[in-house]
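Engineer: Let's have the full structure, built from the sequences with the hints guiding it.
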Amino acid sequence: MSANTFIKKYTMVIALVVVFIIFTVLTGGKLILPQNISNLLLQNAYVLVMACGMLLCILTGGNVDLSIGSTLCLSAALAAKLMDGGYSPLVAIFVSMSVSIVIGIWQGWLVGYVHIPPFICTLAGMFLFRGFARVVLDSRTISVMNPQFNNLFTSYIQIGGLDEKGNCKSAIIVGIVVAVGLMAWTIFSLARKKKQGYEGVSAISSIVKMAVIDVLIVIYAFKLSQYKGIPVMLIWILIVVLIFAFITSSTVFGRYFYAVGGNEKATKLSGIDPRRVYFWAYFLMSVLAGFSGLLVASRIGSVDGNMGNSYEMDAIASCFIGGASAYGGSGTVPGIMIGAILLGVINQGMSICGWPDQWQYVVKGAVLLVAVVFDVVSNHKTGKS
Amino acid sequence: MSDYILEMKEITKLYPGVKALDNVNLQVERGEIHALVGENGAGKSTLMNVLSGTIPFGEYTGDITYNGKECEFHNIHDSEELGIVIIHQELALIPELTIAENMFLGNERANKLGKINWGQTFMQAGEQMKRVGLKENPSVLIKDIGTGKQQLVEIAKALSKNVKLLILDEPTSSLNEEDSKMLLDMLLGFKEEGLTSIIITHKLNEVSYVADRITVLRDGSTIETIDNADHNIDEDRIIKGMVGRELTDRYPVREHKVSDEVVFEAKDWTVYHPVYTEKCIDKKVNFKVHKGEIVGFSGLQGAGRTELAMSLFGKSYGRNISGQEFIKGEEVKLKNERDAIAHGLAYVTEDRKTNGLVLPDSIAKNTTMAKLEKISTRGIIDFVMESKVAQEFVDAMKTKTPSVDQAVGNLSGGNQQKVLLSKWMFAEPDVLILDEPTRGIDVGAKYEIYSIMNDMVAQGKAVVMISSELPELLGMCDRIYVMNEGEVVGEFTSEEATQEKIMSAILSHKTDDLKEE
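Chains as they are written, first to last, in the working numbering: chain A, 1 to 385; chain B, 1001 to 1517.
It is possible that some hints are incorrect.
Anything over 12 Å on all C-beta distances counts as not near chain A; from chain B, calculated [unchecked claim]:
#: 1; residue: 1029
#: 2; residue: 1288
#: 3; residue: 1321
#: 4; residue: 1326
#: 5; residue: 1368
#: 6; residue: 1478
Okay, the calculated bits of chain A under chain B, using three or more residues with CB under 8 Å as the criterion [as the list claims (entries may be wrong)]:
#: 7; region: 244-254
#: 8; region: 262-268
#: 9; region: 271-279
Below, computed lysine-lysine pairings styled on DSS-like, alpha-carbon distance capped at 25 Å [to be verified]:
#: 10; chain 1: A; residue 1: 194; chain 2: B; residue 2: 1374
#: 11; chain 1: B; residue 1: 1257; chain 2: B; residue 2: 1283
#: 12; chain 1: B; residue 1: 1388; chain 2: A; residue 2: 193
#: 13; chain 1: B; residue 1: 1374; chain 2: A; residue 2: 195
#: 14; chain 1: B; residue 1: 1279; chain 2: A; residue 2: 265
#: 15; chain 1: B; residue 1: 1291; chain 2: B; residue 2: 1267
#: 16; chain 1: B; residue 1: 1333; chain 2: A; residue 2: 265
#: 17; chain 1: B; residue 1: 1284; chain 2: B; residue 2: 1267
#: 18; chain 1: B; residue 1: 1388; chain 2: A; residue 2: 194
#: 19; chain 1: B; residue 1: 1371; chain 2: A; residue 2: 193
#: 20; chain 1: A; residue 1: 265; chain 2: B; residue 2: 1315
#: 21; chain 1: B; residue 1: 1291; chain 2: A; residue 2: 265
#: 22; chain 1: B; residue 1: 1335; chain 2: A; residue 2: 265
#: 23; chain 1: A; residue 1: 195; chain 2: B; residue 2: 1388
#: 24; chain 1: A; residue 1: 169; chain 2: B; residue 2: 1353
Rather than coming from a laboratory, the hints here were simulated on the basis of the structure. Cβ atoms here follow ideal geometry from the backbone N, Cα and C, with glycine treated the same way.
Structural biologist: Written out as structure tokens, the structure is:
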């Protein structure tokens, strides 16, 4: 691979590394303190989770879902209100998720089968669900104190005898096991492909890539061990991200999203119903938004009527920074994760540096613009044709 | 020497792999009506696009002399400035705007600040409309008037631009006889006032009615210019020029082994337009296809062939569809495209870029798209298998590509067409409907596509081939149906079919009314 294609393929990874180094220097190393490394993903859990759903919407043709910040708030408000009223966390989670599912069916049906333009449909949803959330909260702030609920989302895995604060060996052990497992799987699948006579995969580059990922995993695990161990929320994030990465890359169902975004007419004539594809994109998006509501409620510890404001924009920005095409049809889960983490690093770096809030917006906007301009110019994505 | 308003000399236009125009010469005298005729793909529209600047100077070779001056048109504005106005077959009107707004679109009656003078707009629109005999109110929306009147608006629009040379591309293709006659008489009226026009049309009766001279194009070359000063030219004379070409071995040899088994049959198939639901697109069409047979459908654009095929393919076109559809003798009611594929039907679209392929996706992904379940277990795609089958098709079809991971958008037209065929062969159909399978691809690739078709029928599949190229239908088909305005107007076996017979079957339908004048 020539240097040129390497840079083109891994632009955002390189950008992430550069930004990370810059902020490490600017913060005098504070960015890489165990606590900050641990918080980096947790603080952005909602972005990571919702970007997965947003990717599906964007894949169908650059469509977005504007309602997810409000859906998140409604879900969190319902959970908080129910637990505040003495219901068990299970009931609260069940009700919140059920409502998200209903919202998903509602918006999926409107967009897919009634052909309401997604922008308008979800703009309406943004007002509607925000309103409902405030009705539920009765314009108050409700705190989320239930220990079982918080255990489920914001605790850390600490095994008695093995772990103590600042030195959680379990994290390192898990990190090493995962790293070894991934490498073994890479080699195994390369061998299988070779056996079946499949060409076009460079074994060396796959192994080098996995080795780099392995190193990062072990370093990350080490940093986690120096803080409080493996956060439960990290597991939730990983479950969602891995499922969506699998769906989009390896399943027939996932392939349909790319096909519809790439050429809807051709897809329809190939016997695939685009209405169903739109339905599932918006359905899954709302479900993930509802789930994020639970994560955020637990992490912040209270819910008010402004919670989740403009979160949809973070998810959308992550997708576009992460290389999803504004015209649909291309984009990957690993790519948008890079986009989300890049945004997260910038946010956190600036916070630690103590830059004022208003400048954080300016930087965020500039990064998004640069990423998309670069994408469009370098790939000549001038339109759907 | 004649007074030529326009001379186009040795115009050559290359598209990747195709010579659309090859040293074409066209001379138009001042004040005449000049007809440009030829089969679909003969290069008529391309030539007019060169003239109007739609194909800018530099993308073709040759000279254009207009009013004695050599011209370089870089865009439509350049040519319009000199009074050359083209009216395309697909009308360039905006349905949601009024007649007056459309008439001055891009040429608004406005002051320097851009404020539109509505009084002037409507008054001047009214004046132009009077010239074309249009009695509507200028503030009526375009979508609320019929196609015939829309055509008149286009002409009025051209007049408002102070036109000297008017080019009409198939102006009567969507008009009924009465409106066509009116339009042609209007052109004759403008001729009296000194306007020069070039008219492109398939309707030869109209040619002999209005044209003073006729230039025939075939395969991108000028064949001849015929004088028609007496307006009584024999249509067969024109047809001879249009189709007169030798058929050498441009078609691979095939053993004709047609079995008696009917694999596909349509009875009284009737389809209405999806938007203008009162408009009948296909009227009681009956046809059948045998196993191992290639059946051709001939006709002009707009004859309802594509619509017929798509409506049969799981109702992907049209409304109020009625009639019966039989696959292997059993009547089927196909709900959607998926259903059609499951019943062994495949429709290979005429428009591979818009309706056929996902251009940014790889060859492999496009190949497997219509039947992903064949390479997946429980919804999980086996990528190794996918690449393998895609590679098999690339080898079998001789698709030129470095790998199956190549994006289809990077391939040439002929290779894209092969990927499209691969996709539908992968779906293992019994009946393949190929809509213009060789459109826009070069001669070599055409030959390969024909060979693939022969392989298909050799495997016992049945092929329906829709094509606007007569030689290709004659070279490939066992039987040919001729369609016109949604009806089957002729059926020929390969032995009895000739280009002249088919062409006159197509045209006979339209020749009636004008002759009686």
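Engineer: Evaluate each hint against the coordinates.
Structural biologist: Verification of the supplied hints:
no., hint, result
1, 1029, "holds, 40 Å"
2, 1288, "holds, 24 Å"
3, 1321, "holds, 17 Å"
4, 1326, "holds, 20 Å"
5, 1368, "violated, 9 Å"
6, 1478, "holds, 26 Å"
7, 244-254, "holds (count 4)"
8, 262-268, "holds (count 6)"
9, 271-279, "holds (count 3)"
10, 194(A) with 1374(B), "holds, 22 Å"
11, 1257(B) with 1283(B), "violated, 31 Å"
12, 1388(B) with 193(A), "holds, 11 Å"
13, 1374(B) with 195(A), "holds, 21 Å"
14, 1279(B) with 265(A), "holds, 23 Å"
15, 1291(B) with 1267(B), "holds, 18 Å"
16, 1333(B) with 265(A), "holds, 22 Å"
17, 1284(B) with 1267(B), "holds, 7 Å"
18, 1388(B) with 194(A), "holds, 12 Å"
19, 1371(B) with 193(A), "holds, 23 Å"
20, 265(A) with 1315(B), "holds, 14 Å"
21, 1291(B) with 265(A), "violated, 30 Å"
22, 1335(B) with 265(A), "holds, 17 Å"
23, 195(A) with 1388(B), "holds, 13 Å"
24, 169(A) with 1353(B), "violated, 57 Å"
In terms of the numbered hints stated before, the structure departs from hints 5, 11, 21 and 24, listed from lowest to highest.
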